[in-house]
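Sequence order for the protein chains is A and B. Residues in the first sequence are numbered consecutively from 1, following this note's numbering. Residues in the second sequence are numbered consecutively from 1001, following this note's numbering.
Since the hints were derived computationally from the structure, they do not count as laboratory data. Computed from a predicted model, the values in this text were never measured in an experiment. There's no promise every hint is true.
[Stated by the list, open to error] Think about it this way: if two alpha-carbon atoms lie no more than 35 Å apart in a straight line, the pair counts; the simulated DSBU-like pairs of lysine-lysine are:
no., chain 1, residue 1, chain 2, residue 2
1, B, Lys1129, A, Lys55
2, A, Lys159, B, Lys1090
3, A, Lys129, A, Lys66
4, A, Lys35, A, Lys73
5, B, Lys1035, A, Lys159
6, B, Lys1090, B, Lys1033
7, B, Lys1089, A, Lys73
8, A, Lys110, B, Lys1033
9, B, Lys1090, A, Lys129
In case you want the letters, here they are:
2 protein chains.
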Amino acid sequence: MYDALIRYFRSYTSNALLGDEIDLIQRFFSLTKFKKREFFLQEGEVCTYSAFIVKGAMRQYTVSEKGEEHIIKLFIENWWASDYESVLKKTPSIYFIDAWEETDALLVAKTDLMYLINRIPALLEWIRKLDNNFVIDADRRISASIRLSAEERYFDLEKTHPEFIQRFPQHIIASYLGINRETLSRIRSRYVKR
Amino acid sequence: MYDALIRYFRSYTSNALLGDEIDLIQRFFSLTKFKKREFFLQEGEVCTYSAFIVKGAMRQYTVSEKGEEHIIKLFIENWWASDYESVLKKTPSIYFIDAWEETDALLVAKTDLMYLINRIPALLEWIRKLDNNFVIDADRRISASIRLSAEERYFDLEKTHPEFIQRFPQHIIASYLGINRETLSRIRSRYVKR
DNA sequence: CGCGGGTTTGATGATGCTCAAGCCCGGTGG
DNA sequence: CCACCGGGCTTGAGCATCATCAAACCCGCG
Chain A
1 MYDALIRYFR
11 SYTSNALLGD
21 EIDLIQRFFS
31 LTKFKKREFF
41 LQEGEVCTYS
51 AFIVKGAMRQ
61 YTVSEKGEEH
71 IIKLFIENWW
81 ASDYESVLKK
91 TPSIYFIDAW
101 EETDALLVAK
111 TDLMYLINRI
121 PALLEWIRKL
131 DNNFVIDADR
141 RISASIRLSA
151 EERYFDLEKT
161 HPEFIQRFPQ
171 HIIASYLGIN
181 RETLSRIRSR
191 YVKR
Chain B
1001 MYDALIRYFR
1011 SYTSNALLGD
1021 EIDLIQRFFS
1031 LTKFKKREFF
1041 LQEGEVCTYS
1051 AFIVKGAMRQ
1061 YTVSEKGEEH
1071 IIKLFIENWW
1081 ASDYESVLKK
1091 TPSIYFIDAW
1101 EETDALLVAK
1111 TDLMYLINRI
1121 PALLEWIRKL
1131 DNNFVIDADR
1141 RISASIRLSA
1151 EERYFDLEKT
1161 HPEFIQRFPQ
1171 HIIASYLGIN
1181 RETLSRIRSR
1191 YVKR
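Working from the sequences, and respecting the hints, build out all of it.
Dropping the structure here:
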């Protein structure tokens, strides 16, 4: 179970991970299973953990007064589910995070993760690269939302994250793109015809 | 001139900045002035510098085939103008960055900045916090673009970045929000009436 | 067989875009 | 001092895109 995590860390870093460092890491991460629709985080809570997904898929979303879900992130294997803002600023989250599929995750408390990063050079290298990737990904999505139409954003997602389109039902993808299910259905039907 | 930069770094870090560290920093940052509309980066170039804005304002945007500008970022005093993705991945940028106002900036090469971060603990602390802020800001904007209408996004910006609204003309703000100038004009006129 | 979750299709309407014209205001030059 | 110009803002008419509401369909599963 922890192998996946260690392999993941190694893939990010040129620094070696030593045996006792691996032990230390294992001590602070605890395996947790989520059933479908089980919450990892609910609106109003302060998020204090990050979840590394070993197997499964989760989603992060808001619920409007009218009860509409707006999905702002999707997570699958080797991703981290967490509300960054809430964790870092210790403020109540405006999001829900739940499991879309049955999910095995390794949870780590923020304070423990900080400790590990300070103590293990490989993890410092990892977190810096991860943060960079987050920024690049986020910038791309912002840029897409400003420049592209609904249709173009769908095809952009097909290029940048085909794994999402295979894995999640269409109405989830639609919400993630900020359009509604019927519109996405029509966009797709326009192109299936040829 | 360098005072602003040093003060800025200090505001981010609990680690002290020593005299010889300050000397080192000054050696790698060079003062550059930009006239209005002068480019810091053009589409197709690889971005190798970051610009700390001491005084002035810059913008980052794409130009579509039809010649429309889509502004994806605005920078003012104490911000960093740079194409993160191009810098980190060494890929040609899809963006232009130019000065909107006359601007004094301190430029640093990516490799020099890396060197400084490795050498000066206060700067490591700074860059980590900065990256975190970038992620939080970007997430907020993504979330806004999915959840909110054009009108709501404008009022959201009024809350989160009132300094932009005062500082930039309306058509720039409209582009930054991903709506067009006429629409923003109408949104505002609806509310001035009371 | 019936149910639940997901997708599709159609009719209608709101939101925001396009194109076109006019206005406002500060700066420049005759 | 006035005329003109450019940049920015506003307003209107018509249109495209996307959302909403409603209904039907599809399919895997108990």
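Consistency of the hints with the structure:
no., hint, in the structure
1, B:Lys1129 <-> A:Lys55, "holds, 30 Å"
2, A:Lys159 <-> B:Lys1090, "holds, 21 Å"
3, A:Lys129 <-> A:Lys66, "violated, 39 Å"
4, A:Lys35 <-> A:Lys73, "holds, 19 Å"
5, B:Lys1035 <-> A:Lys159, "violated, 38 Å"
6, B:Lys1090 <-> B:Lys1033, "holds, 25 Å"
7, B:Lys1089 <-> A:Lys73, "holds, 24 Å"
8, A:Lys110 <-> B:Lys1033, "violated, 42 Å"
9, B:Lys1090 <-> A:Lys129, "holds, 15 Å"
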